[in-house]
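Asks: Listed below, chain by chain, are the residues.
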Amino acid sequence: MGSAVLPPIRSTFRALTTSFVPEASSLDERGWAEAEAIVERFLATRPPAIQRQLRLLIRLLDLLPALRYGRPFRALDAARRARFLEALQNAPLLLLRRGAWGVRTLAFMAYYARPAAAAAIGYRADARGWEARR
Amino acid sequence: MIRRDYDVVIVGSGAGGGTVAQELAPLVKDGARVLVLEQGPRLADAEFTGRELEMADALYEDGGGFLTADGAMTLAFGRALGGSTVVYTGTSLVAPERVIRGWAVPGLDHADLARRTARFAGQNNVHLLPPEWINDNNRLFVEGCGRAGYHAEQFPLNVKGCKGSSLCNLGCPNAAKMGTHRVQLPFAQSQGVQIVTRAEVLRIAARALSVVVRPRREGEKGAESEWAPGEYDVRAKVVVVAGGAVGSPALLLRSGFGDALPRLGAGFTCHPAHILVAEHERPITNDVGHPKSYYLDHAADEGWVLETCMYFPFTTAKNLTGFGPPHSALMRAFPRLQMILALACDKAVPENRVAVDRSGKPVVHYRFTPQTVGALVRATRASAKIFFAAGALRVHAPSADPPLIERRDAGRVDELVDARHFRTGKVSISAAHLMGGCAMGSAGDTARSVTDAWGRVHGVPWLRVADASLFPDSLEINPYLTIMALADRVAEGIRSEARDLLSAGAPAS
Chain U
-3 MGSAVLPPIR STFRALTTSF VPEASSLDER GWAEAEAIVE RFLATRPPAI
47 QRQLRLLIRL LDLLPALRYG RPFRALDAAR RARFLEALQN APLLLLRRGA
97 WGVRTLAFMA YYARPAAAAA IGYRADARGW EARR
Chain P
2 MIRRDYDVVI VGSGAGGGTV AQELAPLVKD GARVLVLEQG PRLADAEFTG
52 RELEMADALY EDGGGFLTAD GAMTLAFGRA LGGSTVVYTG TSLVAPERVI
102 RGWAVPGLDH ADLARRTARF AGQNNVHLLP PEWINDNNRL FVEGCGRAGY
152 HAEQFPLNVK GCKGSSLCNL GCPNAAKMGT HRVQLPFAQS QGVQIVTRAE
202 VLRIAARALS VVVRPRREGE KGAESEWAPG EYDVRAKVVV VAGGAVGSPA
252 LLLRSGFGDA LPRLGAGFTC HPAHILVAEH ERPITNDVGH PKSYYLDHAA
302 DEGWVLETCM YFPFTTAKNL TGFGPPHSAL MRAFPRLQMI LALACDKAVP
352 ENRVAVDRSG KPVVHYRFTP QTVGALVRAT RASAKIFFAA GALRVHAPSA
402 DPPLIERRDA GRVDELVDAR HFRTGKVSIS AAHLMGGCAM GSAGDTARSV
452 TDAWGRVHGV PWLRVADASL FPDSLEINPY LTIMALADRV AEGIRSEARD
502 LLSAGAPAS
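For the record, the sequence lines run as chains U and P. Heads up: the first sequence begins at -3 in my numbering, then just goes up one per residue. Heads up: the second sequence begins at 2 in my numbering, then just goes up one per residue.
Worth flagging that the hints you see were computed from the coordinates, not collected in a lab. Virtual Cβ for every residue (Gly too), placed ideally from N, Cα, C. Check the hints yourself; a few may be wrong.
[Unchecked claim] Quick list of simulated restraints, FRET-style, between CB atoms:
id, chain 1, residue 1, chain 2, residue 2, range
1, U, T41, P, A301, 29 to 35 Å
2, U, W28, P, A176, 34 to 40 Å
3, P, R148, U, P88, 38 to 44 Å
[What the hints assert, rightly or not] Some chain U residues near chain P, calculated using beta-carbon distances under 8 Å:
id, residue
4, S15
5, V17
6, S21
7, A33
8, I34
9, Y65
10, F80
11, Q85
12, T101
13, F104
14, G118
15, D122
16, G125
[Claimed, not checked] Far from chain U by the CB rule (all over 12 Å, computed), these chain P residues:
id, residue
17, R140
18, G147
19, K319
Isolated chain P, as found in the complex (with noise of 0.2 Å):
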C-alpha cells in the first residue's frame, strides 16, 4: 500500500466538491497540500460524442441505471471528474426561502444561501435564454401553460458558447455547459489543487482513507489515473466528503460512522419524476436547441414542478408505459413529440434512506408515499392539460389505463389519470435530484442530524460534508447551486479554523 500525506483532502468533484476545491485553493499558497479524489474517469473535450448509451456508460453511475432496491425507480447521477455539474442541464436557481425556513437548520438563513448563489450564479455565466434560441418544444410549454391558466418561468442556465445540440444530459459535446469541471476544478488545479480521477474511496478512518486507483479499462473512455493503479493509503488532516447523496451516506457507514451517528444516511430524498410525452400533429424542433428553458412550479401549493425535457431515443422508450404497436408508434412520431417532466417534491421520511450492502456497495431504500404519489399524479394532470392546450392529439400518461390520452378525451384528464394506475414495476420512475442521508441540524445534535450548519460532523471535527446529502428535506427546486452554497460555507468553516485543523492531529509523514 503506497502512502500519501494532505491536509485537506476532498472526496468528490461535483458540484461540492468542485466549489470546496476552488474555496480551498488559497490554502495552497500557505503551504497547504490540499487534494481532490474522484472516482470517475476526466474525458477529453473530444470524448463527449452525444452518444447515448456510450455517454451515458461514460458518465453516470451504473450507465444510468442504478435502481433503487425495490428496482422501482431509477437514480441518476454522475461519476465523472464534474460529477453530476457534467450530466445535468445547467438550470440554475435560488433556493426557496420558505424551503430553507422550514429546514429549520440554526445558523443556516436564507439570505446567506442567496448571496452566495449569487456569486457562483455570475462565475458561472447564468443568464436566460434570447427568445430566438427558444425550441418549439419550450415555445409550446409556454403556450400551453398560458392557455391552461398556468405561468411558465424561464430558467436561468449556465451556459456559454451554447449550440443547442439538446445533448446536455449526455455531457455538452462543446464545452458549453459551466460545470464544476470548466470552471472550478481547473482554477483549483491551477491553483496547486490537486486532482486524482479513477480514484475510490473505500474506507475513512480517523484522519486516514482506504484508496483504491483503478486502470483504464479496454476501450474505455477518459484519461488514465493521475496516479499509478493500486491501494493507497491517504493522510489527511481535515477530510471532506462530497461524494453525493448516495455516495457521501454510503462511504460513511462503510466506515463505521453510524453507530454513533444514527441519523447517518436516513431522510433521503429524490423529486421522483415521469417523462411524459405527448404526440402533435406537424414535426416540432425537440432535440435541437436547449432542452430545459422553461418550468412552473406549484412545489409550494401543490407539491410538483414542471419542467420541459427532451430525451434520446432508449431513454423515451424505456420511459413510456406499455410495448407493442401503441409504443412503438409513439416512438416513431418522435419528431412531433413534446415533453415534459413532471416532479414530486418528495419530503424526508424516515425510512427512505441509503444504506449499504454487505459489500459496502450503496443501496437506497425508497418507498413511494401517498404524498408523493399524489403529486405525481396531480403534476401529470396538468401536464396533460398544458399539452392539449397546446394543441396535442394525444397525451401518454403512465398514470392512465391506457396509457394514451386521446383528444377527444381531454376534458376527462382529472378523472382518467388516477393513483390506482400508479404501480411501481409498471410505471417508469426516474430521479436526478438526490439529496439528503447527511442532514444538517444543531451542533451536536445527532439524534436528529448528521452535521451542523457548516457540515462539521458530529463529534468528528476533522471530517465535513460539502454535498446534497446535507439537505434535512426536499429542496423542491433543481439543486446545484444551493450544494454550491452549501459548500462554499464548508469551505469558509475550513478556512477559518485552519489555524487549528492544520496544525493538530498533523499526519505522519
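This is chain U alone, in the form it adopts within the complex (with noise of 0.2 Å):
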C-alpha cells in the first residue's frame, strides 16, 4: 500500500464531504477517521496516477470558487458551497461533471459504508434474512 491520500487535502475533503452530506458535520474525530479509513481502503487499490488525479481535482475545487466569490471553498458559507456544487454537476463539460460526481462518490462512500450511517437510517439487512424479522 502506498502512503495516504487525504491528509493533504484532508480540510477540503471534509469541507466537500459535508456539502454532500450534511449529516456529516455531527462527525467526530474518531466518525471522521472511520469514513476517511474506508476512503483510504478504497484508494489503496486503485493506481497512483488515479491518486494524484483526485488529489489535483480536490485542490483544484478548493481553488476554484475563488475566481467567482473570492475565497477558497473551504472558506465558503454552506449556501454558497451548494451553489458551486450545483453549477459543477449542471456545468457544460463533462470533465467537470464527472469530477464532481466522482468526488461526490467518495463523499457517499466515506459517510454511507460506516456501519453507524446505514443503522441511522433504518437499514437492517441481515444474513439470516426473514429470520432476523420475527
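Using the hints, put the two standalone chains together into the complex.
Replies: Written out as C-alpha cells, the structure is:
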C-alpha cells in the first residue's frame, strides 16, 4: 500500500463531504477517522495516477470558487458551497460534471459505508433474512 | 517462468467458463488434462458477510467501480471464482425468440438454445418463489403495475435454501444462489478438472498462455492460489476464453488478434440502467426477502425492461442524483423506499466497444445513443407511474430537474421526465449485463464477426470463446442462462472435434 491520499487535502475533502452529506458535520474526530479510512482503503487499490488525479481535482475544487467568490471552497458558507457544487454538476463540460460526480461518490462512500450511518438511516439487512425479522 | 501443459485451458469461471468446465469434465476420464484459470479469489462460505464495501471489494472488478472511458457509466462485473454468477440475483430467463432471430447467426436457432437453457435451469434449481416469500418492495411493484395498466411477471430464480437476506448482489451469505461456484465448478473439480484462482492471463499466443499468479494481499478475502505466486507459461491444445464481455475482448486484443479480426471489441452492449427510488408513507419490507422477484418486459415495443431491486446504503446514495438536504432526506427514508431498476435495451453500434490501453488494461468506450436515452426516459416515466400507482409520496427520477417528483405532480410525469435532463456525469447510470465484443456470425466472416455460431474464432481452430462477448447484439433480458446455453454449444463443439483438436499441435511436454 502506498502513502495515504487524503492527508494533504483533508480539510477540503471534509468540507466537500459535509456539503454533499450535511449530517457529516456532526461526525467527531473518531467518526471522520473511520470515514476517511474507508476511502483510503478504496483508494489504496487504485493506480497511483488515479490517486494523484484525485488530489489534484480536490485542490482544484478548493481553488475554483475563488474566481467567483474571492475565497476557496473551504472558506465558503454552506449556501455558496451548494451553489458552486450545483453549478459543477450542471457544467457544460463532461469533465467537470464527471469530476464532481467522482468526489460526490467518495463523500457518500465515506459517510454511508460506515455501519453507524447504515443503522441511522434504518438499513437492517441481515444474513439471516426473514428469520432475523421474526 | 514455470511451464505447465494441458489439453484444454478455460480462461474464466463464470456462467461461460464454469459451464465449459462442467461439460468438458468427461474428457478427463479419457486422459485429457483440463484447467480453469480464474483471476479472482476463491472465497470460503464464512467470508460472505453481506457487508457492502467489504464484499464489493472482494467480488467485483475495481470493487464495483469500473467506469467507462468517459466516466459516465459504472460497469459491475464479478472477479471471483464463479465470476458474475456469484453476484447476480439468480434471475433465470430464456432468451426471447425474436432476439435470437434478429441476431441472424447462421447455425444458431432458438429451439436449440431453449432446450439447453431448460437443462441448465433444472440443474440450477430454477423455480418461482412462493407468494409468502415476496416482500413489500416486490408486492408494491406488482400492485403498481396492475393499477398503471401493466402486467408484471415473476422471475424464476436459481436459489436453494434462500433465507431472504436481500444481499444477493454482495454474494449470498447463505450459499443459496446456484452460481457456477456452487454447481458446475464443484462438479467439474470432482471429475478431475483443475481450477487455479488468482491466475491472470496476460496474453495468449499460439497454444500458449502467459499467466501470472498473484499472492493474496494482507487482509484480503479468499484462499491463496492453488499455484505458487509467479509467472507461468501454460501450454494447451485448446484455449477457451470466457472472461466476460470486457475481459475476453481485452485479452484477445492485447494478444494481437485484433489485426486479423477487425470486429474484435466492437458491438459492446450492456443494458444501461437507472436505479429509481420512491418514498412511501409507511415502512415497507425492502431490505429483507429476495430483492428481484418481478419484472416488466417492454423490450419489444418500447426498448426497456423494469426489474424490482434493492440496494445497499452507499450504492443507493451514489445512484441518487444531487446532494445535500434533499438527498439526505431520501436516504433517511430508507425503510420506506421502494426501488425499481430501469434498463434500456441498447443496440450494438460500432463506436461502443472494448479496447485496451497501452498497458493492456480494458477500456470500454460507450456513447449513449438517442435511442438508448429515449428508452431510459420512457422506462423512468413508466416506473414513476408504477410507483405513484403503488401509493408512493414522491419519486426520484434522474431525468427530471429537480429529480424529486411529488405526488401532486403524478399526472405530469411525461412532461417532467425528459431527455433534456439526461446529462452524463450528472445522472448515475450503471450496467451489469455486459455483452458483445467477440460477436458470433457466419463462419470465416471476419468483416462482421469474431467467431462462428459455435464460438470458434475465425482462422484460429484451437481458440474458442464461450461467454456473453459472443452476443452479436443486446439480449434484452438477464443473460446468464443464455451464456450457459452458448457455452454448452462451445463445449459440445470441442467434444465433437476432440480427436483432431487434442492430438494436433500437442504441446511439448
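Asks: None of the hints should be skipped; say for each whether it holds.
Replies: Verification of the hints:
1. U:T41 to P:A301: 29 to 35 Å: Given a distance of about 41 Å, which is not inside 29 to 35 Å, the answer is violated.
2. U:W28 to P:A176: 34 to 40 Å: 37 Å, holds
3. P:R148 to U:P88: 38 to 44 Å: 40 Å, holds
4. S15: 7 Å, holds
5. V17: 6 Å, holds
6. S21: 11 Å, violated
7. A33: Where the cut-off is 8 Å and the nearest Cβ of chain P is about 11 Å from A33 of chain U, the hint is violated.
8. I34: 7 Å, holds
9. Y65: Result: violated, 18 Å to nearest chain P Cβ.
10. F80: 12 Å, violated
11. Q85: 5 Å, holds
12. T101: Given a least distance of 5 Å, the restraint on T101 of chain U holds.
13. F104: 4 Å, holds
14. G118: 4 Å, holds
15. D122: Cβ of D122 of chain U sits 7 Å from chain P, so the hint holds.
16. G125: Holds - the Cβ of G125 of chain U comes within 8 Å of chain P, reaching about 4 Å at its closest.
17. R140: Holds, because the least Cβ-Cβ distance between R140 of chain P and chain U comes to about 14 Å, which exceeds 12 Å.
18. G147: Consistent with the label, G147 of chain P stays out of reach of chain U, its closest Cβ about 25 Å off (over 12 Å).
19. K319: 5 Å, violated
Checked against the numbered hints listed earlier, the structure breaks hints 1, 6, 7, 9, 10, 19; every other hint is satisfied.
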